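Novice: Below, each chain spelled out in residue letters.
Protein chains: 4
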Amino acid sequence: MVAEIKSLNEECGVFGVWGHPDAAQLNFFGLHSLQHRGQEGAGIVTNRNGRLKGHRDLGLLSEVFKDERELIRLSGEAGIGHVRYSTAGSNSILNIQPFLFKFHDEELALAHNGNLINAVSLRQELEQDGAIFHSNSDTEILMHLIRKSKQDTLIDRIKESLNTVKGAFAYVMLTPDALIGALDPNGFRPLSIGQMENGAYVLASETCALDVVGAEFVRAVQPGELVIIDDSGYRIETYTDQTLLQICSMEFIYFARPDSNIAGVNVHTARKNMGKRLAEEAPVDADMVIGVPNSSLSAASGYAEASGIPYEMGLVKNQYVARTFIQPTQELREQGVRMKLSAVRGVVAGKKVIMVDDSIVRGTTSRRIVQLLKEAGAAEVHVRISSPPLKYPCFYGIDIQNQKELIAADYSVEEIREKIGADSLSFLSVEGTVDSIGLKFDAPHNGLCMSYFTGDYPTPLYDYETDYMKTLAKIRESKPLMV
Amino acid sequence: MVAEIKSLNEECGVFGVWGHPDAAQLNFFGLHSLQHRGQEGAGIVTNRNGRLKGHRDLGLLSEVFKDERELIRLSGEAGIGHVRYSTAGSNSILNIQPFLFKFHDEELALAHNGNLINAVSLRQELEQDGAIFHSNSDTEILMHLIRKSKQDTLIDRIKESLNTVKGAFAYVMLTPDALIGALDPNGFRPLSIGQMENGAYVLASETCALDVVGAEFVRAVQPGELVIIDDSGYRIETYTDQTLLQICSMEFIYFARPDSNIAGVNVHTARKNMGKRLAEEAPVDADMVIGVPNSSLSAASGYAEASGIPYEMGLVKNQYVARTFIQPTQELREQGVRMKLSAVRGVVAGKKVIMVDDSIVRGTTSRRIVQLLKEAGAAEVHVRISSPPLKYPCFYGIDIQNQKELIAADYSVEEIREKIGADSLSFLSVEGTVDSIGLKFDAPHNGLCMSYFTGDYPTPLYDYETDYMKTLAKIRESKPLMV
Amino acid sequence: MVAEIKSLNEECGVFGVWGHPDAAQLNFFGLHSLQHRGQEGAGIVTNRNGRLKGHRDLGLLSEVFKDERELIRLSGEAGIGHVRYSTAGSNSILNIQPFLFKFHDEELALAHNGNLINAVSLRQELEQDGAIFHSNSDTEILMHLIRKSKQDTLIDRIKESLNTVKGAFAYVMLTPDALIGALDPNGFRPLSIGQMENGAYVLASETCALDVVGAEFVRAVQPGELVIIDDSGYRIETYTDQTLLQICSMEFIYFARPDSNIAGVNVHTARKNMGKRLAEEAPVDADMVIGVPNSSLSAASGYAEASGIPYEMGLVKNQYVARTFIQPTQELREQGVRMKLSAVRGVVAGKKVIMVDDSIVRGTTSRRIVQLLKEAGAAEVHVRISSPPLKYPCFYGIDIQNQKELIAADYSVEEIREKIGADSLSFLSVEGTVDSIGLKFDAPHNGLCMSYFTGDYPTPLYDYETDYMKTLAKIRESKPLMV
Amino acid sequence: MVAEIKSLNEECGVFGVWGHPDAAQLNFFGLHSLQHRGQEGAGIVTNRNGRLKGHRDLGLLSEVFKDERELIRLSGEAGIGHVRYSTAGSNSILNIQPFLFKFHDEELALAHNGNLINAVSLRQELEQDGAIFHSNSDTEILMHLIRKSKQDTLIDRIKESLNTVKGAFAYVMLTPDALIGALDPNGFRPLSIGQMENGAYVLASETCALDVVGAEFVRAVQPGELVIIDDSGYRIETYTDQTLLQICSMEFIYFARPDSNIAGVNVHTARKNMGKRLAEEAPVDADMVIGVPNSSLSAASGYAEASGIPYEMGLVKNQYVARTFIQPTQELREQGVRMKLSAVRGVVAGKKVIMVDDSIVRGTTSRRIVQLLKEAGAAEVHVRISSPPLKYPCFYGIDIQNQKELIAADYSVEEIREKIGADSLSFLSVEGTVDSIGLKFDAPHNGLCMSYFTGDYPTPLYDYETDYMKTLAKIRESKPLMV
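Chains as they are written, first to last, in this note's numbering: chain U, 1 to 483; chain G, 1 to 483; chain V, 1 to 483; chain W, 1 to 483.
Worth flagging that the hints you see were computed from the coordinates, not collected in a lab. Any given hint might turn out to be false.
If several chains are the same, the list does not tell them apart, and a pair holds so long as it fits within one copy or across any two.
[Unchecked claim] With a Cα cut of at most 25 Å, we get these calculated DSS-like pairs of lysine-lysine:
#, residue 1, residue 2
1, K340, K440
2, K474, K102
3, K352, K159
4, K166, K150
5, K340, K317
6, K474, K351
7, K148, K102
8, K474, K159
Remember, it's a predicted structure, so these values are computed and weren't measured experimentally.
Isolated chain U, as found in the complex (with noise of 0.2 Å):
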């Protein structure tokens, strides 16, 4: 049973305006260009004259706002939105976000992009107590917590609730008066205040979304801390001072558009140091770099840069996005494979191929990539990846933990090398990624959270702890790693 209730709020995107007659079109460019955090459903909730309302539903945000006026329905003068990230089977429109709560007494809308550990408990003891769930989601248990909170004002009480749940969150709030963020004691997601040129405030979950609309970077929300905006401007408060800066690497390493900034770092600058320091730890002869497109190309410009070998385009990425009926044979399977990347065969036929690459979960892609290469007549492929082997669940939202098998959990990097049919095999290390990101915090690895790299959680795992233990116990058994 725990395993059906388990939390489904894993990377997703927020946004929120607050003072901006067209705040629904603002969320709707702002969620846009978040939209690569989720694709499994989308919604807005607006605010006019302190009446909320709202639209959401699973798909892209297009087909979601297919009907324009949807949007113009929702016009108000504050807003939030939420895109939210596809996980196999419990795909419900019931689970689609931002929630909306009309109570006799007050109005809220709720929107979350992180993962709780202690849901599961959290969510036991609540219906024990006569709590009714009506999603999977982590985001009802702070609904439910700050109502059954007795504090004065809703502020308070929501206060009260952020100290009771534990994990990864960024929340955005609406309610009549105020539009509200939040984010957790170690500020594993990014969220960021900006402001307009009319005066607006806008909350975003990446820098790339305050761009979109035209709003000026204002300050990061830091760990523990609550911005409350209304028609009087922002101010911050804080709800413990129990806190400690990890923000989520991944982030900076494919999760995370190239054009955001986050903690002041841009993620693009970020990936080519990475691909430089790379060609630093790991170099090797050969014809050309190429990168495995979209999130690699940052870093395999850094490699060939540092290198001084040709950066080239030997993969390319379908743009249309393809259906992938289930395929009775083997041959269907391969070409469906090639409906989405194809190695140019003009380019990489009889060439010595650097093909760089942001990380390997399972190994099943990086095979098919190395033989897609391979089969356009690559003499050599020879796989960097630029992050460190990925050894450890998160549990702070990285859907690292649904994988069944991190293949560098189980296989050494020869291991690894032969089942992917590489040539070489490098992953950049621990500290490169670290000074390749370039953080300065006075925090372990000054800032970051390397957890699924090193196994070092920065905060207990509640729920989780058993999962965790298993992992351990499986990366012991092992042979040790080369790396």
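Based on these hints, arrange chains G, V and W on the given structure of chain U.
Specialist: Positioned in the frame of chain U, the structure of chains G, V and W alone reads:
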């Protein structure tokens, strides 16, 4: 009235297969890799035991075949498919191909990539003679001619008809007994023959579609040729010997996929060469080279490589399609532009930038991108175009004739530079373009059609003679160009 | 092959209006009242300032025009519309009418109710001569003939063409200048002219459509007539004087709406008279009379009134359309029948019931209804049919030719009674039917076509000659009928 | 705020089955026969091996289950279903039932027909205590009460909760182990138990749903009863002995299907008796009796039979649903009315007509129908209503409380007659109604709730007390009624 029945078969993609039990599925894969050639509609007709059946609709391929059962219903041993380019205003399912004709004495399906230049007069003649057209499409004209022909065999009727239509065409046809391809006497559009492991033959607009289904390239169909594929293999016939190879240069410049080869030349390599040549022809001192994604990335990397200036990701294209609602305010319209393309502030701020693009049509897009870069803090923006100025309409299928204003037909390079707000602007020369692509045929421009740049059309213009004269007059009135 | 291109314009409804600013909306109202004549598809073409435009699709009228904006887009001062009858298997949007033809020198829209009997041979002749058909529909044939005609005026070309097509037809046509109606030489299908308060003229298959738009009945179009309506009013022309009125008796028996008048006779009244006559011809002692809803309720009330036996509601039809999925078990199939029609146990239990129905085609429906009544406890079920036994196919548009088995062609009345499980069974006589409907024309059966009952067709059968001979042979081999 | 969270579970239909391998399909059949009880939305929850799953959506049942695969996905051995009545404005999928609740310690699905009268106060109390509601529906209230209850067993928790909710309710519930039905202490809504041949038990709002699945009627659930069905059969328990049977008389008058039996009385027969009694109470000289289709046909035939005046089909209802777009002109609005209902000119012209209808709410519909008949030429129209004047709102689930104007609350019969344009008008008396329905229970009005006619409500009104007092005041101010 003529305007209304103007031909609509502009850029498109065609595919065909004979002799494979998964013909419908292979068409789906092949057409998906040709989706960039047309997004308005798609269709597939297959042949099972000599009976043809088809499905076509408006929308992307994955929408047209959203329900997998459609592909199952179309199961057969041979098939042809088509993706259709979107032109404003007249999109009707009636124009979506392949067309499937069932007569009391024969069945035939037909798909077309190209543009006839005597379509209007042929259609009027046919209508005077009692013909009824059900679409606005050129493609029906060939069918009427085939049915009117008094030749003995279908192949002879097709040959006679191919000598009547003028302009650019790559046809694929399916009958109960054969798959047929045909190319116009100038070979404006590419059409390649491939063969799969099981012996099945494939026809495709681009070689990337051969790759996706795992077919080996056999040969390109040549000008004036007819290829007839049936259970005994393939054979080549010719319907005219008045041929002159004039491959559309825009296929290399921006239209085809970088992993395709045309006339033996890889498209990515051709583009990279254009970038290199451009660096030689129009050097400039700068901090970085950036390409306008996605079609100009190859040229930009070539420019960077030849100039030694670092290649950076200064522009990010949103990989998700944005709905473009009508925006009531100027502010919303600008945000709408940023939804599709963002400048990376963290990369370009304070820098001198070389922005490489493949072409300038009306100049509005270039102006917006320069503006995006400057808003993101670029100190200087030097625009380099990897092809010559577009001054003349295309009548062979590239959608330039619909552009009311070819900016280069009216303005000098300096005037264009001023209009788009660039700090400097240069185009690649005609010679540079021809050399970079590197064809070696004994024909004008080594086998390339460069008419949009030079005004020298390789054929008489038939129904379009007047349009051309107007454009020519306009250009002659304008100030001398400085290219 | 002939089977595949068989004509499909069977029972349908047509409507037209000239001279009213709400022409599209009036078509919508009028077609909705004719929806019982065809549920497969619907369409409307309107004329605004001499330009024709249209919309058509598969589905009920309310589905085809689900988006009100379609009607707004079609706003104009004249229009024609069509509802199409659903025949299994070949439903394609290409067959949905009205057809809108745009030539370089004229525009014309065309809709058709009826069935041509020389369609196959005409189509073959036209195809031999180079014509291309885009639908399986008869209606295209007329358009080809009109375009081939060398007469001077459109009206003369239409007249010539109407003399070439044979069978049953009520055409409505729309040009930039006129609304035109035409009826076949036997007047098989009804077509009426009405006039609205503002002077606008209306054409409609049934007078109920005149009522719904508030038009006064002006006159019925007569066999061999053409009615031409334009801004100067309406005028009647004739294209042949070889006419013989033979109105389809099935329009009165079950097809038309009870509130329509045909040839001056109200359909409900005709049916009630058939019920009265049936009570005289085939009396039986019973507790109640019930009708099979909805088409037999008038006849049942007539039977009750004439016999003095109470009229009860013993069968209830579900007013909501039931989806008929394929049911895997016999039990589910029987429940599926009950979804559509229920016997009222509280009414019929223990009673002797007279069940009045309008016709028996294959006998399966009658068998099921008798079974429903017996399961609900009816002590006796006496079936009375308010028309004669159906023994011969209809070639003029009533969907009898598709019925593989006309039970009355093979079996005697006693055998049918046994098969359907009734305690007694009687049909109305041919004379009784003719007398009850009460036409007074100087023509066989007073102007009624009774060929499905008698086998005497009022015209040669052209392409259907062979089919008829087979049926006739089958009937002659069967045992003598006892009617 | 209260208005917004007002209860929405008005007229609806419920169904349930336990012990049949085709439980989902049986729900589909059963709900289809109950579709007249609610057209806004529909849903089914089934139980396979103790796991519940469901599907629900807005729209007619056939739309909700358009894709047959939904039913296949729901295959199971037990299930409950619901069709929901359409009330303007607040239709959201969140309110569509059955509701499926999954807790960490139990699963339960719930569907409700009726209306709670203390819903608003219960909801406020529960929210004060931390409860979160996700719909506007009453039904959630019961679930909260069940979860809050500290009783030992689920059945005891349900019993305690049923004693807290007040008003009208027929609940069906599904757990992994049982199918449960419950009726309020007044039995306002019908709920019947049936048994299928294979022993499976069925619950349904009306007996017509038992008939459609071939189930035999076992017994009606009685006021204050709980029926628990599991693999060991069915058993009856009671949760209160404070019961008083008060079946909703509107079920007999217009709401239920004529083939259903309620409390042992067939609905068609009850209506026919009302018509007969009306003929005695309010005779009039006329040429024919006509009924307003479909709900008044039984009463009309009763009137005809008792009076000896012929029953005719003077009004025809279009069996196809008409879209009611907003019509910009008065002419179009009148045509819109005629789309739905037509007067048969050929029947009524020149005749004195008795028009029988089941009720008058606001009077606007009656006025339109009288007008239709007069436009069609009726010489006189005598309106006879087969129930007493509606003067008081219903708080138990009949959608009268939403009607802003009950015409009979404000006007005398003579005034109403004048407003609707009838030549005479009479209503059936309260006594006549009670006698015609013919219940024999030892309770006010023999067990019928007649409160909309008399203002005597069988229960305290709780949250609605104020509304009632307003209506009462209004009625007392109006002139004395002449009934």
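Novice: Determine which of the earlier numbered hints do not hold for this structure and return their numbers in increasing order.
Specialist: 1, 2, 3, 6, 8
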